[in-house]
Amino acid sequence: MSEALKVPTMAEMMAAGETPDILFWVGCSGSFDDRAKKITKAIVKILNKVDMKFAVLGTEESCTGDPAKRAGNEFTFMMQAMSNIQVLNAYEVKKIVTGCPHCFNTLKNEYPELGGKYEVIHHTQLVQQLINEGKLKVEGGEFKGKKITFHDPCYLGRANGEYEAPRSVIEKLDVELAEMKRSRANGLCCGAGGAQMFKEAEPGNKEVNMERAEEALALKPDVIATGCPFCNTMMTDGVKYNDKQDETQVLDVAELIAQANDL
Amino acid sequence: MEYIPQILFLIMLAVGFGLFAKSAMRIRRNVLLGRDIDRKDRASDRMNLMLRVALGQSKMVVRPIAGTLHIIVYAGFLLINIEVAEIIIDGLFGTHRIFAPVLGGLYTAAINFFEILGVLVIVACAIFLWRRNVMKIGRFHSTEMKGWPFKDANYILIIEIVLMCALLIMNAAEANFPDEHRAAGPFLISGLIAPVFSGMSYETLHLIERVCWWAHIAGILFFLNYLPYSKHFHIILAFPNVYFSKLTPKGQFTNLESVKKEVELMLDPNADPFAAPAEPAGEAEHQRFGAKDVQDLSWVQLMNAYSCTECGRCTSNCPANITGKKLSPRKIMMDTRDRLEEVGAIIDVNKGTFVDDGKSLLHDYITPEELWACTSCNACTEACPVNIDPLSIIIDLRRYLVMEESSMPAELAPVMSNLENNGAPWQFSPADRFNWAQEG
Ligand code: SF4
Ligand code: SF4
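Chains A and B, in that order, give the protein sequences.
Going by the working numbering, 137 is the number at position 137 of the first sequence; the sequence numbering is gapless.
Going by the working numbering, 81 is the number at position 81 of the second sequence; the sequence numbering is gapless.
Treat the hints with care, since some could be wrong.
As the list claims (entries may be wrong) - Distance condition first, Cα-Cα at most 16 Å in a straight line; then the derived EDC-like pairs of lysine to aspartate or glutamate: (1) B:Lys326 / A:Glu202; (2) A:Lys6 / A:Asp51; (3) B:Lys326 / A:Glu179; (4) A:Lys38 / B:Glu439; (5) A:Lys117 / A:Glu142; (6) B:Lys261 / A:Glu113; (7) A:Lys199 / B:Glu369; (8) A:Lys37 / B:Glu411; (9) B:Lys260 / A:Glu113; (10) A:Lys199 / B:Glu439; (11) A:Lys37 / B:Glu439; (12) B:Lys326 / A:Asp51.
Stated by the list, open to error - Partner residues are not named here, just some residues of chain A that face chain B (Cβ under 8 Å, in silico): (13) Ala15; (14) Arg158; (15) Gln196; (16) Glu202.
Claimed, not checked - What follows is a set of in silico ranges between Cβ atoms, one per label pair, in the way DEER data are often shown: (17) A:Gly17 / B:Lys246: 42 to 48 Å; (18) A:Lys94 / B:Lys146: 54 to 60 Å; (19) A:Ala4 / B:Glu404: 34 to 40 Å; (20) B:Leu51 / A:Lys181: 51 to 57 Å; (21) A:Glu12 / B:Lys359: 24 to 30 Å.
Don't read these hints as lab results, they were simulated from the structure.
Quantities reported herein were computed from a predicted structural model and do not represent experimental measurements.
All C-beta atoms in this analysis are idealised placements derived from N, C-alpha and C, irrespective of residue type, glycine included.
Kindly produce the complete structure, drawing on both the sequences and the hints.
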């Protein structure tokens with residue numbers, strides 16, 4: 001672990017008369033959930049490493065409204081969206097990177113009609129760009145030669161057609177990328193989307209995350225990689241339930257990069 | 001006397017097409033009960049999509065066996081129906097194989113080709129029947145497939161086999177005609193069956209040939225009129241259905257304009273709280289938030305319901321269904337169609353106006369338990385070979401549940417109030433939102 005994180009806020013930047021190149025949208029999970037905070041920090045480490053001029057909203061950030069919208073509560077969604085857009089537009093934000101596919105989808109697709117027009121990318125896309133532009137050099141480090149499978153988050157994959165960015169980043173680590181039978185457009189949900197994360201599952205004969213975790217574990221991977229804090233929680237639970245936490249880690253793509261390169 | 005067959009033919013044709021037109025208009029009327037939605041943008045993208053997905057069946061071949069067989073039946077059926085053009089002309093003018101002398105060798109080649117296709121269609125249909133009835137592939141035997149939907153699929157396959165057999169037997173009988181009566185042939189496949197009829201008198205052969213000829217055209221007209229009552233209407237609706245399907249990213253949900261206006265007013269510090277509502281009187285009638293019944297859905301969603309082939313690809317990819325939950329996106333589409341048919345029938349009985357029957361799509365057909373099992377993962381929309389969007393219906397029904405009935409799973413209520421009060425789904429103080437940066 002290297003020096004302390006540098007996380008400037010929009011308000012600070014503004015006070016100093018500066019404009020960041022990109023806003024890092026952390027998201028609720030990334031701000032409050034202990035596991036997801038580690039992903040957030042891994043993203044910041046990467047941003048720090050390449051000296052990206054970025055900022056976060058800090059306490060001015062608020063939920064994008066995704067869980068409300070998927071649950072059918074358009075009122076709550078709309079209130080969140082409009083107040084977020086007010087904040088973002090006041091700071092004249094042009095470009096946003098998100099740490100969560102749900103924030104990514106909502107900001108990118110649903111805010112423009114409401115007056116919030118930004119260029120929005122997911123953090124795996126940003127990392128891919130940084131690597132491709134030569135700004136970020138990555139090595140496999142501790143993951144070299146390990147077997148990694150990538151679980152496609154629905155809101156990154158099917159919802160927005162991004163299957164390649166996370167895979168191309170993982171491949172840079174000199175690892176064996178093993179695919180589950182249900183992957184890419186055929187990927188199976190982790191069970192968290194559509195506000196399921198916040199409620200009990202309906203009666204059935206299995207939890208969705210168990211089904212998915214078993215599929216991933218059948219490959220006997222060293223790491224199940226994801227790009228979503230909710231998928232991360234679901235897969236971690238599934239791995240623990242199968243008592244495989246000693247053999248298989250669940251990590252975000254950003255964490256893979258940060259850990260492999262001692263950031 | 002000699003015109004009687006032609007007159008009979010004309011009557012049969014007129015009745016066949018007339019009844020079909022009536023059914024088609026009924027379905028059109030039902031679809032247009034839906035709300036308006038603009039899907040006229042990006043015409044060339046839509047055209048390309050239609051050519052690729054509907055005509056080219058690009059999503060069918062994701063499952064190679066079913067996909068290939070389906071393409072055979074589809075192509076076979078379309079191409080062989082070129083022959084119907086000749087049948088119609090012959091029937092109306094009392095001619096026999098009018099194209100044979102005109103096309104000569106090309107005619108023989110064409111019929112040979114159709115016969116080969118015909119055999120492929122028969123084989124493919126037989127395999128389909130096998131898969132449904134003997135192998136009992138899971139997705140054809142879920143709860144919503146009991147009864148009519150299951151029989152419907154079998155009927156269609158049997159009709160297709162009968163139609164193809166009629167054609168082949170017709171040609172085989174004619175192959176045994178004395179030369180002076182034979183207009184064309186013998187042909188490739190029917191030539192192989194021909195010996196079965198050898199030694200029969202010309203009168204008998206002619207009778208067999210005529211019976212098959214009439215059976216074929218009558219069968220086609222029956223098929224045409226069966227379509228509107230069957231999942232097989234998809235052979236027509238697949239095209240407009242794909243053309244008008246959603247082009248925006250799958251994850252993008254619609255924003256409700258009515259809610260937006262209300263929230264804008266709420267957030268506007270300059271709004272006078274005591275002012276009269278801004279809407280003009282005409283709009284005063286409250287438009288429902290979300291959908292309770294079929295009329296609250298859009299015409300695209302209603303067309304989706306009539307386009308569903310009940311193939312179950314959506315359901316077999318649905319994480320909720322895979323893990324034993326009640327939700328089945330196919331059932332969502334079948335319920336929507338059934339309810340729409342019911343609403344249409346009520347309108348017919350009451351001379352054009354809908355009379356409330358105390359029922360609705362939500363609750364009477366689709367239960368909240370089904371709706372709340374959806375993870376909005378889009379596996380169903382991805383899997384659907386004709387770009388149907390069951391998820392949009394699920395969300396519209398959820399919207400009604402939440403915003404009109406204030407009903408949602410108990411765990412979600414505090415989530416909503418946390419969102420409104422703390423700006424996060426959990427009960428954390430917004431002031432702590434940035435603490436992560438200070439923690440080691
Ligand atoms: S979006 Fe909902 S209905 Fe469709 S496959 Fe996913 S969970 Fe099932
Ligand atoms: S909605 Fe599509 S995938 Fe589902 S049963 Fe109907 S046609 Fe098949």
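Structure-based check of all given hints:
For a cut-off of 16 Å, the pair hint linking Lys326 (chain B) to Glu202 (chain A) stands: about 8 Å separates their Cα positions. Restraint check for Lys6 (chain A) and Asp51 (chain A): satisfied, since their Cα atoms lie roughly 10 Å apart, inside the 16 Å limit. A C-alpha spacing of about 29 Å is found between Lys326 (chain B) and Glu179 (chain A), which places the hinted pair above 16 Å, so the restraint is violated. Between Lys38 (chain A) and Glu439 (chain B) the CA atoms are separated by roughly 10 Å; this keeps the pair inside 16 Å, and the hint holds.
Under the criterion of a C-alpha separation no larger than 16 Å, the hint pairing Lys117 (chain A) with Glu142 (chain A) is inconsistent with the structure, at around 40 Å. Proposed proximity of Lys261 (chain B) and Glu113 (chain A) is supported: the alpha carbons are some 13 Å apart, at most 16 Å. The suggested pairing of Lys199 (chain A) with Glu369 (chain B) holds, with an alpha-carbon distance near 13 Å, which does not exceed 16 Å. For the suggested pair Lys37 (chain A) and Glu411 (chain B), the alpha carbons sit about 24 Å apart, so the restraint of at most 16 Å is broken.
Using a Cα cut-off of 16 Å, the hinted pair Lys260 (chain B) and Glu113 (chain A) holds, with the two alpha carbons roughly 10 Å apart. As the CA atoms of Lys199 (chain A) and Glu439 (chain B) are separated by approximately 29 Å, the hinted pair breaks the 16 Å bound. About 9 Å separates the Cα atoms of Lys37 (chain A) and Glu439 (chain B), which keeps this hinted pair within 16 Å; it holds. A C-alpha spacing of about 51 Å is found between Lys326 (chain B) and Asp51 (chain A), which places the hinted pair above 16 Å, so the restraint is violated.
Restraint check, Ala15 (chain A) versus chain B: the minimum CB separation of about 16 Å is more than 8 Å; hint violated. Interface restraint check: Arg158 (chain A) against chain B, minimum CB-CB distance 4 Å, threshold 8 Å, status holds. For Gln196 (chain A), the interface hint holds, since its Cβ comes within 8 Å of a Cβ in chain B; the closest pair sits about 5 Å apart. Satisfaction of the interface hint for Glu202 (chain A) is found here, the shortest Cβ-Cβ separation to chain B being roughly 4 Å, below the 8 Å cut-off.
The supplied range of 42 to 48 Å is met by Gly17 (chain A) and Lys246 (chain B), whose beta-carbon atoms lie about 44 Å from each other. Range check, Lys94 (chain A) to Lys146 (chain B): Cβ separation about 56 Å, and the 54 to 60 Å hint holds. In this structure, Ala4 (chain A) and Glu404 (chain B) break the distance hint of 34 to 40 Å, their C-beta atoms being roughly 51 Å apart. Taking the beta carbon of each, Leu51 (chain B) and Lys181 (chain A) are about 30 Å apart, not inside 51 to 57 Å as hinted.
At about 59 Å, the CB distance of Glu12 (chain A) to Lys359 (chain B) disagrees with the hint of 24 to 30 Å.
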